[in-house]
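J.: If you want the building blocks of each chain, they are given just below.
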Amino acid sequence: AQKVTQAQTEISVVEKEDVTLDCVYETRDTTYYLFWYKQPPSGELVFLIRRNSFDEQNEISGRYSWNFQKSTSSFNFTITASQVVDSAVYFCALRANAGKSTFGDGTTLTVKP
Amino acid sequence: EPEVTQTPSHQVTQMGQEVILRCVPISNHLYFYWYRQILGQKVEFLVSFYNNEISEKSEIFDDQFSVERPDGSNFTLKIRSTKLEDSAMYFCASAGALSSYEQYFGPGTRLTVT
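Chains G and U are the protein sequences, given in the same order.
Here the first sequence is numbered in this note's numbering, starting from 1 and rising by one per residue.
Here the second sequence is numbered in this note's numbering, starting from 1 and rising by one per residue.
If we strip away everything but chain G, and leave its shape as in the complex, we get:
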């Protein structure tokens, strides 16, 4: 069985602060993929990043960075110099091959001006 835990239900920061969203996962599959999605108030799921289980390199994309640690089954997401537009619900998800995606409960990020 797959499980994704996002322990932080809500986070509130002031603009320009850095913020890290935690994600811990469980799976018995040896090949799997991890994802982060952003869900703005409009409701759509915006794909942010995919990582496969063989690639533990951290990634940076602009103000976003991801830290994948297989040893601790974690895939954390950091936003540097947060902006009001970053306010949204963020979901971490796990998927094995062509199977279903299992989502975490989501973290609601509020960035105040």
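Note that these hints are calculated values from the structure, not bench results.
Treat the hints loosely; a few may be bogus.
Claimed, not checked - List time: in silico DSS-like cross-link candidates among lysine-lysine, alpha-carbon distance up to 30 Å:
1. G:Lys38 with U:Lys78
2. G:Lys38 with G:Lys112
3. U:Lys83 with G:Lys38
4. U:Lys83 with U:Lys57
5. G:Lys3 with U:Lys83
6. U:Lys42 with G:Lys3
7. U:Lys78 with U:Lys57
With chain G's structure known, arrange chain U on it following the hints.
T.: Frame of chain G, contents of chain U only:
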């Protein structure tokens, strides 16, 4: 860039009515999925579909639900007799054969049952 589309964007229906949610997956994709998100909650898997049959379904996907790929382009989710608790956002997703890990989500259909 190819994308998954869903219609309608918002559907309001009365309890007990049948509703069909429509999705047009990316054209060369072979794997299709429906997910549900009750307001304020997480996204939950409903069903996956491959080679014209259901490959996996969750406990949520009971006899009230059915899926169909009636032609080469559409993928539909039917709810036979809607209940108040079916009110949610329904997301369709598709994935290709060569890159089956790439799952593309549609924009969602918000279903409101009154």
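J.: Hints first: check each against the structure and report whether it holds.
T.: Hint by hint, here is what the structure shows:
no.	hint	in the structure
1	G:Lys38 with U:Lys78	holds, 27 Å
2	G:Lys38 with G:Lys112	holds, 18 Å
3	U:Lys83 with G:Lys38	holds, 29 Å
4	U:Lys83 with U:Lys57	holds, 19 Å
5	G:Lys3 with U:Lys83	holds, 28 Å
6	U:Lys42 with G:Lys3	holds, 13 Å
7	U:Lys78 with U:Lys57	holds, 14 Å
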